[in-house]
Amino acid sequence: MIPRFTAPLLPELMLSIGGTILMLLAAFTGRRGAALVNWLAVLLLLGATVALIGPPSHVGPVFDGMVSADLFASFGKAIMFPAAAVAIIAAHGWFERGTEHSAEYAVLIVFAAAGMSVMVSAMSLVALYVGLELNSLAGYVLAAYRRSDERSAEAGLKYFVLGALASGILLYGISLLYGFTGTMSFTGIAAAFARGAPSLGLLFGLVFVLAGLAFKASAVPFHMWTPDVYEGAPTPVTAFFASAPKVAAVLLATRLCVEGLGPATDAWRQIVIFAALASIFLGAIAAYGQTNIKRLLAYSSINNVGFAMIGLAAGGARGASSVLFYMAVYVVMTLGAFLCVLWMRDAEGQPVESIASMSGLAQTRPGFAAAFAIFMFSLAGIPPLFGFWPKLVVFNAAIASGYVALAVAGILGTVIGAYYYLKIVKVMYMDEPAAPYARVREPIQGLLILLAAVLVSPLGYLLIGPLGSLTDKAAGSLF
Amino acid sequence: MTGLPWLSLLILVPLVAGGLCLFVSATGARWIALVGTLIDFAISIYLWTAYDPNGAQWQFVEKYPLGGQVSYALGIDGIALVLIALTAFLMPICIGASWRAIEKRVPEYMAYFLLMEALILGAFEAQDLFLFYIFFEGGLIPMYLIIGIWGGVERIKASYKFFLYTLFGSVLMLIAMLYMAGTAHTTSIPALMAFDFPKQAQTFLFLAFLASFAVKLPMWPVHTWLPDAHVQAPTAGSVILAGVLLKLGGYGFIRFSLPMFPDGSAQFIPFMFVLSGVAVVYTSLVALVQRDMKKLIAYSSVAHMAFVTFGLFAMNRQGIEGAMIVMLSHGLVSGALFLCVGVVYDRLHTREIDRYGGLSDNMPGYALLFMIFTMASVGLPGTSGFVGEFLSLVGTYRASSWGAIFATTGIILGAAYMLWLYWRICFGTLRHADAAAMPDLSVREWWLLAPIAAAVFWMGIYPESFMRPIRNDIGRMLVRLDRVAPVGDSHLTLGKGTGHMDMGAMH
Chain A
1 MIPRFTAPLL PELMLSIGGT ILMLLAAFTG RRGAALVNWL AVLLLLGATV
51 ALIGPPSHVG PVFDGMVSAD LFASFGKAIM FPAAAVAIIA AHGWFERGTE
101 HSAEYAVLIV FAAAGMSVMV SAMSLVALYV GLELNSLAGY VLAAYRRSDE
151 RSAEAGLKYF VLGALASGIL LYGISLLYGF TGTMSFTGIA AAFARGAPSL
201 GLLFGLVFVL AGLAFKASAV PFHMWTPDVY EGAPTPVTAF FASAPKVAAV
251 LLATRLCVEG LGPATDAWRQ IVIFAALASI FLGAIAAYGQ TNIKRLLAYS
301 SINNVGFAMI GLAAGGARGA SSVLFYMAVY VVMTLGAFLC VLWMRDAEGQ
351 PVESIASMSG LAQTRPGFAA AFAIFMFSLA GIPPLFGFWP KLVVFNAAIA
401 SGYVALAVAG ILGTVIGAYY YLKIVKVMYM DEPAAPYARV REPIQGLLIL
451 LAAVLVSPLG YLLIGPLGSL TDKAAGSLF
Chain B
1 MTGLPWLSLL ILVPLVAGGL CLFVSATGAR WIALVGTLID FAISIYLWTA
51 YDPNGAQWQF VEKYPLGGQV SYALGIDGIA LVLIALTAFL MPICIGASWR
101 AIEKRVPEYM AYFLLMEALI LGAFEAQDLF LFYIFFEGGL IPMYLIIGIW
151 GGVERIKASY KFFLYTLFGS VLMLIAMLYM AGTAHTTSIP ALMAFDFPKQ
201 AQTFLFLAFL ASFAVKLPMW PVHTWLPDAH VQAPTAGSVI LAGVLLKLGG
251 YGFIRFSLPM FPDGSAQFIP FMFVLSGVAV VYTSLVALVQ RDMKKLIAYS
301 SVAHMAFVTF GLFAMNRQGI EGAMIVMLSH GLVSGALFLC VGVVYDRLHT
351 REIDRYGGLS DNMPGYALLF MIFTMASVGL PGTSGFVGEF LSLVGTYRAS
401 SWGAIFATTG IILGAAYMLW LYWRICFGTL RHADAAAMPD LSVREWWLLA
451 PIAAAVFWMG IYPESFMRPI RNDIGRMLVR LDRVAPVGDS HLTLGKGTGH
501 MDMGAMH
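Heads up: the protein sequence lines correspond to chains A and B, in order. All residue numbers for the first sequence refer to this note's numbering, where the first residue is 1 and numbers rise by one. All residue numbers for the second sequence refer to this note's numbering, where the first residue is 1 and numbers rise by one.
Just so you know, not all the hints are guaranteed correct.
[To be verified] Once the Cα atoms are required to be at most 30 Å apart in a straight line, the calculated DSBU-like pairs of lysine-lysine come out as:
(1) A:473 - B:295
(2) B:157 - B:63
(3) B:295 - B:161
(4) B:157 - B:104
(5) B:161 - B:104
(6) A:423 - B:104
(7) B:295 - B:104
(8) B:157 - A:423
(9) A:423 - B:161
(10) B:63 - A:423
Everything labelled a hint here was simulated from the structure, so no lab data went into it.
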């Protein structure tokens, strides 16, 4: 039925073709078909996740080495596709109250997912760039999705201008790498780096490419767009930005560093270490003064990406495995937290974002507060919640590689960061109740919050074995 | 021994009870919490009777691999056993102390308390390095909420201080644990207790663990979170903080620092003695000038914990056994003293010492029990305080006579501040009309304090009950410490030979 050579790319094909069909469907049915398109998109994404079982996970390089259908890519996709599906479900009941809801939202997410899928599979600079741009372009539109809302429009524009700049830097780096090695493929670049001390041009290319990827992953010092865009974008879009594209960028950086720049590890490691520590500390310190929960979670995401990069800096299969582990748990925690933010509505049902509005939530909405507290403690990495374990895994990788000082610095960052997570818990549990939130009747979202809370609760420790061996295998496919 | 997973049950019962509490009314939650903690106490009594002091080092062992190196491994030796019994004994008393004092958000309060009990017990039972860390750190969350929600005026600041201080100490320990797991290729605590780390590494490992346990115990100069936390916490919170949570620090030294890094520990004996000596003298003097009852007892806790570190780092049998008994005794006595403060606080809503006076007239029962606990805190022979402090001092003297001289001043100063406190509250004239109008102990309060008083006398008169379970474990530890134990300037010998005395010779 399916031609043999396409089997390894089945998920990408499903998403691209399915997305196009959905777009046509949306164009013909108009607003009436929005719900249908939404659910079809969710099914499409879940179908693409199921399609990962089989050839897409073990065939290896295909299309002349442009992309690689390996377990590493599949692991990333298995996180990103469901996360994208959650972002579509999250939008349900969010846009409908306004006039701007239309089916294109789901279609854009599907295209972004296709782009991310190419990103994590990319074995060549061209595939890298195409995937990244496909994801970014969809992202720019999504950020500005509430075009009547000034903040959303501003977020879209800001994201676009800065994103274009980052793409330019990335392209410049790609052209340098290509110019000095004569090849676009990661393996070819690795071979060029292995031929002795890299030339200045190669090093510049490496730095520029990493800078471009750091922008997508919102690692310091390329994080400036994050708080503004996260705050301005509609909340379901923010939930999406904080989860799937971040995984894609971090995994892409991991693959590039290991497969393309492996012989130049000493060159990129110092960059990654700097970005990791700067992200951890800036993310922790800058979050102090925030009064908007979405901005706070933006800094939290910067902070978290720093921890994942510690795993990358540790290097080796163990380091890559720890990055995968970290991102998998991070996505669950972040999506859970943002789903909770979606439910913050005042008495009229209008969304609120101020941290002050969460006062005394434990008394007005105990279950909601408990779920949010679980995500906060988990993001802070406080045991017995499961968010502690991925931090332990990345620090373990760093120490195993001899980077004890890096691990110590990172772990001190968790103490600083713990303060603002505690602040949220304090506001919810220790302050006097503010006006209660309106009840949101979205059973599916409620189930997702519950599922995420259970996954990061101490019950998550049961996953250490299976998840750990899966990430080990996935990381092993890079080496 | 039966096949039931007793240790898991010990953790599970409070967890389930805590979960149930959230779904019932205030009264229902109180009863569920009381029944849950009493069941746990019953299990701990069963464990005590079933534990064979001359049997294997680790009993009631359970082990389920979780993947990677980590496993859910539980097991207790005598040291863990007595601390578990202490925890399970104090918990129903804490629930009883909160019966009337806590009126708002009762189901939540009970749930956090039970969650904390589960986590503390888990920390004492854990036989896996990371499992221990998870339980050890996890205890911060419920305590943070208890202080922050039900505490006094400055509760928010105190809860942050408590949380961040202890977290900061613990994360350094986590790094050390990761290093240990990588070096020894195991996370099993029993295996690590027999593993010899390189000497140089031991120095750093010891310091990293010290950062955590010194904050938790607490030792001078990282004790400053404790008075704040105590003063702001509700009575039962203080009881559990002083009675059990601080003991996690001492337990950590016994379980990790001494047996796992003997060389590292030996290097720091003078350092630990100096810190302990300063703590004894300094915090006792600070306690002397306090105007707030809870603060005074909080500072006295720091001074008493210094006896623990003195005894432990003397590295001989008397010292370590003494340290254990001091921990048990202090768990009972300071818990009881905080309850005594709570009794009058519930009536007059102030902790200021000057607002009381002459209570022995209108509250004779209270004055009697308060007297017993004051004397136990001072270390009067016949009470638990004497046994622990005496042994700890003997051990210290064998290691260093200077250390013993400083430690002993603590007894004198302790007598000074405790007796003066008692005098100001219970003796003298009834200066204040509102204090004079306070009724004596209710039946409920008798039920809280009398069992502790009985335990205090039991431990003081027949300490053998508490020493028997821990004797062999301390013996095993001494074998490991033998090489590095300090030889003091005093040579205390009984009979012939200078070998280690066993406790039989002491009696």
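Original post:
Going back to the hint list, which numbers does this structure go against?
Top reply: The structure breaks hints 1, 2 and 10; every other hint is satisfied.
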